[in-house]
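**Q** Listed below, chain by chain, are the residues.
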Amino acid sequence: MSGQIHSSGIKPTEQTPESQLLKPLGGPQPGLILGSLVTGALVALLFYCWGYQIRYDIGVTGLSRPNFWGFYITNFVFWIGISHAGTLISAILRVTGAEWRRPVTRCAEAITVFALCVGGLLPLIHLGRPWLFYYMMPIPSRNLLWPNFNSPLVWDILAITTYLTGSVLYLALPLLPDFAILRDRNLRSNPSGFRARLYSLLAAGWRGTPQQWHSLEQGIRVMAIIIIPVAVSVHTIVSWDFAMTLQPMWHSTIFGPYFVVGAIYSGIAMLLVTMYILRRGLGLQQYLSDAVFNNLSLLFIAMALIWAYFTFAEHLTVFYGNEHAEMAVYNERISGQFAPYFWTMIVLNIAVPVFVLAFRAGRKPLASALVGIGVIIGMWLERYIIVVGTLSVPRLAYTSGGYQPSWVEIGIMISLFGLFGFLYFMFLQFAPIVSIWEVREGEHIAHLGKAIGTSEPMLRTMPEES
Amino acid sequence: MRRRDFLKATTLATGVSLLEACSGPEGQYLVQPARRKPGSPLPGESTWVPGMCQQCSAGCGIQVRIVDGNARKIEGNPNHPVNLGGVCALGQSALQELYNPDRILVPQRRVGDKGTGTFEDTTWEDGLTAAVETIARTSPDRIAIIGADRSGLTGALWRRFSEALGAPAPAFVEALELEVERRAAQIVLGVTDIPYFDVSHSDYVLSIGSAFLDRWRSPVHYTRALAEMRRGRPGRRGRFVQAEARMSLTAANADEWLAVRPGAEGILARTLAGILLSSGKIENDNAARYRKLFPEDPPRLEEGAALCAIPAKKIERIAAELAAAENKVVVAGGSAAGHQDGLFNVAASLGLNVLLGTLGKPGGVFAPASFGLEDGIAPKTEPTSMAELATRLRGEGPAPVDLLIVADADPVHTLPASWQLHATMANVGMVIVLSSFRTDTTLLADLVLPLNTQLERFDAVAPAASIGVPVVNFSEPSVEPLGDARHPADVVLAMAAALGEPIASQFPWASFPRFVEARIEEQLEQLPGSQGMTASAFIRLAVERGGIFGEEPPSLVPPGPLDSTILTSEVTNTDAREDGEYPFLLLPFESIKTGDGRGANRPWLQELPDPMSTIMWNSWLELSPVDAANLGIQDGDRLSVQSSAGSLEIQAVIDPAVRPGVVGMPLGHGHQDYGRYASGRGANPLDLVEQTQVIRTAAPAWAATRVRIKRLRSGALSRFGRSYTNEEETEDIPVGWAPQETSRYASARPLPPDLTQGTPDPGTTELPVVKRRRLG
Amino acid sequence: MTRWGMVIDTDICTGCEGCVVACHAENNIQTVGEEEAAKGRAMHWLRIERHYEGTFPDIKVRFVPVLCQHCGDAPCEPVCPTYATYRTPDGLNAMVYNRCIGTRYCANNCPYTVRFFNWHAGDWPAPLDRQLNPDVSQRPAGVMEKCTFCVQRIHDAQDTAKDEGREVADGEIQPACAQSCPAQAITFGDLNDPDSRVAQLARSDRATRILNDLGTDPSVVYLQGENRGNQGNGENTP
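As you go down the protein sequences, you meet chains Z, H and V in turn. Residue 40 in the numbering used here sits at position 38 of the first sequence; the count goes up by one each step and never skips. Residue 147 in the numbering used here sits at position 143 of the second sequence; the count goes up by one each step and never skips. Residue 236 in the numbering used here sits at position 210 of the third sequence; the count goes up by one each step and never skips.
A hint or two may mislead.
[Claimed, not checked] Cross-link-like lysine to aspartate or glutamate pairs, in silico, EDC-like; alpha carbons within 16 Å at most: (1) H:Lys318 to V:Asp84; (2) V:Lys188 to V:Glu198; (3) H:Lys365 to H:Asp488; (4) H:Lys714 to H:Glu653; (5) H:Lys714 to H:Glu585; (6) H:Lys317 to V:Asp84.
No lab work stands behind these hints, which were simulated from the structure alone.
Kindly generate the complete structure, drawing on both the sequences and the hints.
**A** The structure is reproduced here in structure tokens:
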């Protein structure tokens, strides 16, 4: 081939499934605008609640002695956990060559990045003096003092910023070819418009040359491999916020892997829910197909079983050890004031997923999304039980106390879901939620494989542009 | 204008405006004049000024830290014999009395309806004029004076004043049990005031009813005495048994608590006496003296044990321990005095000292000691009792009351509501209240004259609770007075002077310090350490030291024959009255936080958790888990409590140490308006107490009221520690339990080497014999 | 090297809480008010824990004053991201208020629950603010605080001794709680000086430390009381 190689593979007038993907990006869509406004209002609520808290001191929360951590840390761990969706799908499935991941990678990575943005706000929100947050960062200061690298909170900062950076890169890189496609479309239809200029900027000069493709593939492959240990380390480090203390039922060696498993589990749940909403809202049945949901649900039930195993192991060893302080926490969890939350969690995280997803009908999109909602709630409860359940039952029982979240904490929690939604809605209006070039690549490989008589991907080149 | 003046003016103006600018937000910077008086402290430098604590009648010696003219901290005076450097919670909080934002600092005149406490500022001149005019035109038999300082110099001035006016003797408001205790001491020991119990040198202390570590008599002194009894003599640890109807802080600290049935304290004492008498271990002289006091046969062991609800074997053991101890003492008083046969209870308990021969012996009972500074100021007539005055106020006395002066007391809050003081005082034509705060009594005033507080005044006060040796505290002001408040004695002197002859000549002293100086002058020879000094020099010395301290305890003369019919028990058991309508006995008690109520306006004390219930900012009703279960009451529930005299609403605390059938409630709350920290908070148990009196006295039987309880709705209390819910904590402790073995506080491994170096010094007094023993 | 420590004799502590109020007065501790206190935000750096044992009428009570133990191996120190709490060379667990950003991690890791957080700034309506101790900073909202062994008094004594060219004498430094205690149950001093009163008392065979098996190496030693209560020798059977 010689001459210009166009990077758009379809003629603008063709009606393809891809036009479903491109529809949100062609102009204002009433549904998306409405969604952005509603979630935008929640973002405004976030500003209000957080501003109120800064103005009237952190005492406006329901925290107290001994519950020094409550909703904010629960939500922090929750959102960081949600962020593991992308890593599993894009990275692990990519590295292991699972082809069904292709339609799903981008919406999963988007969840990762936005969940990290939301979750990363929470350590700031929960501070007593948030305007001094930079004391925790290893930047040179006039005080000639570095942060305390012994502290798991400093590890958190380092880990989360690393993960966020990596995830943004990992989201941005595969966006380049798709931005190029959009640039070319918009240049053809409305060269002087805002979108044409936006996508020209975002595409960063992508021409689709073999060298560029090669660099892109290299970059994505490297990121995929790197991001997996980073993700594992992030949630391990977040779990070490608890495990590195000596509090009963926090100080447990199982926390690292337990939290990573829980994170992946909750991440898949959020992914299932998001996928279902996208499928229905944007008409993406072709891409987010029943088969994809089925495969994801199989992964989901596997994670449910692993999570159940870890939970069982943790509780059995505590029970057998019969150590006084731990049993006080354990009893509150199993049969005391936290029992309603604990058993709800067990039902939502183990009973429902296993019994529903074991059947093919249960792995249909709607069913699995509903199970996903249950798991999201269940995993949130798990974090709450761990954080508040231990703190309420201190070793010196004289100082036990209860915790009631205040309206500020509830408001911030709800508005953070809104922030997540808002970021997602904005993203939907500027980037295709299914990676166009990856899906095409997958189709091409399958087509080639059929032609040659094998299902193995043999060639990794883009189809001929016409 | 000349140039020089112009420059000066502009410089001054600039300087002033710069100063204003430099003063920062809310006076952040302290602008100091360049010149200061030589010898005055630098900014930020501390000086320590000796003083006396007047938060209760114990009279501890303190020192105050002054920085930049403000009092910052109160510490004990280590050389003062009452407290030896210790300060209790109430004493520490005195600074919040001094700097209380709701203090009355200028005289007030009533402008609204009586009882609403609507006042406007007035001047001392106008106030005193109004007071004196009223006194002058009121018939003396219609004047009534209520004071707080029964046995001190200020009280003596009030007594002199009422004598000069021809008015009836003043009445004094004091702790509810004191009258009965005094009477019992008079009968049993022949002394005029409550004796001193030498706990620190004792080997066995049996306290019947007297919560001497709570707010009884001299808590700081007795706390130190108990500490010395336990750990002050190496190898010799005294034993302390508390027989009390409820588990007070004192009972909680006892080696053993005898949960005697309320009202049966006297029976317990008499039963013990019976065992002792028949044991053959009592000296004949002592037995004879005892029998003169109590000629009746003591109750039989089984009968006595049943009546006071203590197992017979336990009573036998206590008697044996008492007899066997080398130094012993029986402390008596407190809640035992609050029942109808309170006089019998206290007298019978005190009588055990006579039986055991502890009078004047180390570790025993000593006569109250006093320098008698107030002798001769006023006639020795008995003060009017508050009960009698209450009768007069109700219009049932010989003459109504047209003028009432209340000096530094709060009778409306600290006496039972059934005495109707609130309503009857409101009917008095003119009520003059000398007070710093809007107490329940102050709200009824027509004229309020503000009093200064302990750190702003010169004073000379003898501790009301004797510590065995005579003591008089002296203090000078340690801070500039806030506002325009005065000492109550100065108010008396000012009124006397304004009344003119013939009264003024009986008060020839220009001020209270002059008066004290005159007294000291008269008695100089008798006062220790005064040789060769003038009165004013001696007072200087006394102020520096904190007071005048005697050395020798007066001897205790064993009592002669007395009218012993006073002491037979007429009512054996107040809660034997089977009363279905009022099934519970109410036991009010003084909490260490609020005392008689004066501490309620201090945020430190309101936020201080009560040591037993851990409740903050409120009062409560404590009931036993058994009663709570029967009534379906949970911890914190709101209850309605009713007696035949009144009712109130209160919240419940479930307390495992409460006797079934009995409920307890702390005094000190339930003020109508005592400042922002106290007003409308909690309830006052004295609203429920009936008008019953202790037999043969004019004192209220404040522990003899029965109540019924109704649950209103659920609620929650501000609690600092965990409520009693954990059953683990009630495991029976096996016999021979050693704290190290089972307690979760125990050390599981030996102490690290840096704590076990060196050898113990055998000369140190506080150590038991040390054996280096590995634990665990 | 000095190691500041304390011995508390629980046999003579009566739970009167004079020490608690003294600590408030000395250290400018805020009073939070009823609503906040109900939420569990009262700031009693030193508290008297009251423990019941047994059932009526054979019920016993133990009072244990609990304050920051100034642990040799303090679990609160490594977890603070900003070094706002650290161990001084002379054995204090120090609190650096202006470094604290309020993550509250230290309070979570304290097994004794002796750390307190300023949920709001303190409020001293005039003229109560005239009582404030000028040697102790007032903490703003968002900052953690706890017992400092009255470090201002330690420094004051050390400065005075230095001015006078001598060593600090044993017993010269008394934290507010120790000085106020009516029973003199609290003794303070240098645990590493074998002749000091506190070291001698710590060698008593009544000595123990709270939660010692956690390995926190507290600097506060408790002298336990006698076995209180009756002998249980069949007295309660009718």
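**Q** Hint by hint, say whether it matches the structure.
**A** Consistency of the hints with the structure:
no., hint, verdict
1, H:Lys318 to V:Asp84, "holds (12 Å)"
2, V:Lys188 to V:Glu198, "holds (13 Å)"
3, H:Lys365 to H:Asp488, "violated (49 Å)"
4, H:Lys714 to H:Glu653, "holds (10 Å)"
5, H:Lys714 to H:Glu585, "holds (12 Å)"
6, H:Lys317 to V:Asp84, "holds (14 Å)"
Of the numbered hints given earlier, the model fails hint 3 alone.
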